[in-house]
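Enquirer: If you want the building blocks of each chain, they are given just below.
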Amino acid sequence: MNIQDYTVTRTSNAIRVAAILGFIVLVALIAAPYWAGRADLRLMGELFLYLALASLWNLMAGYAGLVSVGQQAFVGFGGYMLFALTMFAGLHPIPAIGTAGLLGALISVPVAFLIFRLRGAYFAIGTWVIAEVFRLSFAQISSLGGGSGSSLPIAIVKSLAGSRGARESLSYWLALGAAVLVVTSVYVFLRSRKGLALTAIRDNELAAGSLGIDIWRTKFVVYVVTSALTAMIGALIFLQKLRISPDAAFSVNDWTAFVIFIVVIGGIGTIEGPIIGTLVFFALRETLADLGTIYLLVLGVVAIVVMLKFPKGVWGFIRQRFDLQIFPLAYRVARRDNKGA
Amino acid sequence: MDWLNAIVQGTLLGGLYALFAAGLSLIFGVMRLVNIAHGDLIVLGAYLGLTVTTATGLHPLLALFLIVPAMGLIGYALQRGMLNQTLGSDLLPPLLVTFGLSVILQNGLLELYTADPQKLDAGSLETASVTVGGLSLGVLPVLTFFVALAVIGGLQWMFYKTPLGRAFRAVSDNQDIAQLMGLNRRHIFGLAMALALGVTAIAGILLGIRTSFDPSIGGGRLIFGFEAVIIGGLGNLWGTLVGGIILGIAQTIGAKIDPGWQLLAGHIAFLVILAVRPNGLFPRTTE
Amino acid sequence: MPEPTLKIHGLNAHYGDFQALYGVDMQVSQGEVLAIIGANGAGKTTLMRSITGLLSNGRGQVEYRGEDISGLRADQVATRGLAMVPEGRQLFPSLSVRENLMIGAQVGRKGPWNLKAVYDLFPILEQRKDQASTSLSGGQQQMVAIGRALMANPDLILFDEISLGLAPIIIKDIYDALPGIIGEGMSAIIVEQDISKALSVSSRVYCLQEGRVSLEGDANTVSRDDISRAYFGIE
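Protein sequence lines correspond, in order, to chains A, B and C.
Going by numbering that gives the first Met the number 0, the first sequence opens with residue 0, and the numbers climb by one from there.
Going by numbering that gives the first Met the number 0, the second sequence opens with residue 0, and the numbers climb by one from there.
Going by numbering that gives the first Met the number 0, the third sequence opens with residue 0, and the numbers climb by one from there.
Think of the hints as simulated: they come from the structure by calculation, not from any bench.
All residues carry an ideal CB built from backbone N, CA and C; glycine is no exception.
Incorrect hints may have been included.
Now the stretches of chain C that chain B is said to cover, found in silico as 3 or more residues with beta-carbon under 8 angstroms [stated by the list, open to error]:
hint : segment
1    : 38-47
2    : 68-82
Derived pair list, reagent style DSBU-like, types lysine-lysine, alpha-carbon separation capped at 30 angstroms [to be verified]:
hint : chain 1 : residue 1 : chain 2 : residue 2
3    : B       : LYS255    : C       : LYS115
4    : C       : LYS128    : C       : LYS109
5    : C       : LYS171    : C       : LYS115
6    : C       : LYS171    : C       : LYS128
7    : A       : LYS193    : A       : LYS218
8    : C       : LYS171    : B       : LYS160
9    : C       : LYS128    : B       : LYS160
10   : B       : LYS255    : B       : LYS160
11   : A       : LYS157    : A       : LYS240
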């Protein structure tokens, strides 16, 4: 056995196969408006937006150790910004989405300075307080409909695209684009130096600090970037819904509870987890939705059982069984092909 | 006189918030657990009150003699059966499991009792008032405030003067060594949760007499309790009472300016204190 | 030969993937004082954690008075009459001196030790009884830790590195007090890095090296050479 026979690599055959499969799936998804029905298209659009939210929450909680139960603050903020920017500033909806993200980043800075003073679980509840403050504040703005909310004017909706079919296709592509953008950015970020620092902090905050990693700054950057992207997703969500109200925009159930369950069930702290979790969540929802509140009860029970019995989620279980990873973050030692020998 | 009235009413309201907070504070003090389902457990207490009073015709305050032990049992079972498994150095499991519990409680109550607002019927207690120095004070808010004083005083006494409190402090200091002293931390944690839910039951009943409630209001109660704890300073029960009072006063003054501002004013007071005194007003001095 | 109070048979201990003890055999008879010596990392503290139940062991590896206690929790082991003075004293900082002693009595075993007996042994503790335990000097804290273990009226008491971090004069005081503490049938295990101190009060000695017993013998007859060989592993 010779050391030259081995090499350190991030890639493997499984990853190459997955990359090719992933590419094929992506092409098929881009073409979906030409083969899928209207209802399916809407469902898939919603799925992609949840995937994006889940990936972002996972980046915060699973990698940066920032467990937030108040991401609805930025979902709602983004949604309201879309409405305000298009209705009052006359912006076209698409640049308005980008601007909503920018404003989300801006507002997250003072928020971070405040709530980063809270540790651990208290940080979590602190984020919830912020979301409540956002909700109550937007409910006070009468030009946006106050507590009862408002609808996006028809003229603005029409400015997106002439026909309803074209609008729905566009809105689908935006959602797909957002999901691809978010998952790719999270992946690229985690492979970068900053991402490595983040993983180091997660594994051992004390040791990471003593190695000269600025923990506060790293977490701060993650928080601001996540907030900006979450606000953009929020804008997209309410561009699909065309109607906004404080209760819907800042719902802890819709934008945080479901997202957390997706990540926990799929596997926290992995890139693949949110993807699997989203698929499981939508499968559960589509089969159990008729049961109403029972469905939510089941979801809560599933999340608790997964957390207690399989804390690494579905993906963690698969990875442990088959030593598999699709988005290669870890290096592995592989035997070289001995073709030359 | 109006402003003075707002301040006095806010102080009395603070007693209720301190009751929301006391259980949260106790649990955190003993096992560093932050229970996201705390607010929903308060609401559960109120619904248990509703069931008992409608089934037996008991006055809600008398029903406490049944509901406090019942909630205590629920707390002990919850801790031994579920929450003990989440305790460790990792923050996520307790947070996510109690979050799941919150969703289960909310939807379970919704399934059993529907979303219709309910109220506990306490007869004349609800409207009775006394006049003190020209201010008209509701008997119920005054009673709530004194119950809060008694509960916090009782918890303080239990914590510092009884063998149980000694065991709580020992386990909180060092779980391994406490275990060597013959203390089974799983049992001690169960007792702490039982006690916390006993207090929660009192808070739930008083809440249910004061205002109408439905299954969705738990999150808000958790936040009020949490804000009272942080304003007062972690690990200080009397500080928690002051925190509740500050929150109550901020809300009543906010409501006086504009009814829509009541909750917002409370949150803003909390954020301002977080900005200027991140460790709260009376942090426990640590060595 | 009477049945030993404590009998350890083929004890293995792990921290995750790391194995700290390899098949350790050891026994303590009633009334016997045993010394366990060894370098840092030899497995002494792990052995203490295994005996007291802070680490769980494989079935049948630790027997106490004929009962298999390998799978018991630390609090269950404590109620059977095993007490420990932990390394680094580890008093409860939120408890006063008196409360630290009282919590030792939590197991509710009858015997000669109570608050008064501990105060008689260490009179300074009575003067300091209402102070926070952290306000005491290192030596006084060690007295509290010893008193806390005695309050349980144990049959077997474990002393883990009681001289660590204390001034020589205080170490001497504490070791002078030991014979008065261990008596009336109580057995003791003294874990020390300070070999001569440990040997001075014990009748038998075990030496641990890299998780294995490298020497077992009579405290009065083992030679210096044997010990250094067992201690450092140098031939």
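Enquirer: Would you mind marking each hint as holding or not holding in the structure?
Expert: Structure-based check of all given hints:
no. : hint                    : verdict
1   : 38-47                   : violated (count 0)
2   : 68-82                   : holds (count 7)
3   : LYS255(B) <-> LYS115(C) : violated, 62 angstroms
4   : LYS128(C) <-> LYS109(C) : holds, 22 angstroms
5   : LYS171(C) <-> LYS115(C) : holds, 23 angstroms
6   : LYS171(C) <-> LYS128(C) : holds, 23 angstroms
7   : LYS193(A) <-> LYS218(A) : holds, 10 angstroms
8   : LYS171(C) <-> LYS160(B) : violated, 36 angstroms
9   : LYS128(C) <-> LYS160(B) : holds, 15 angstroms
10  : LYS255(B) <-> LYS160(B) : violated, 42 angstroms
11  : LYS157(A) <-> LYS240(A) : holds, 14 angstroms
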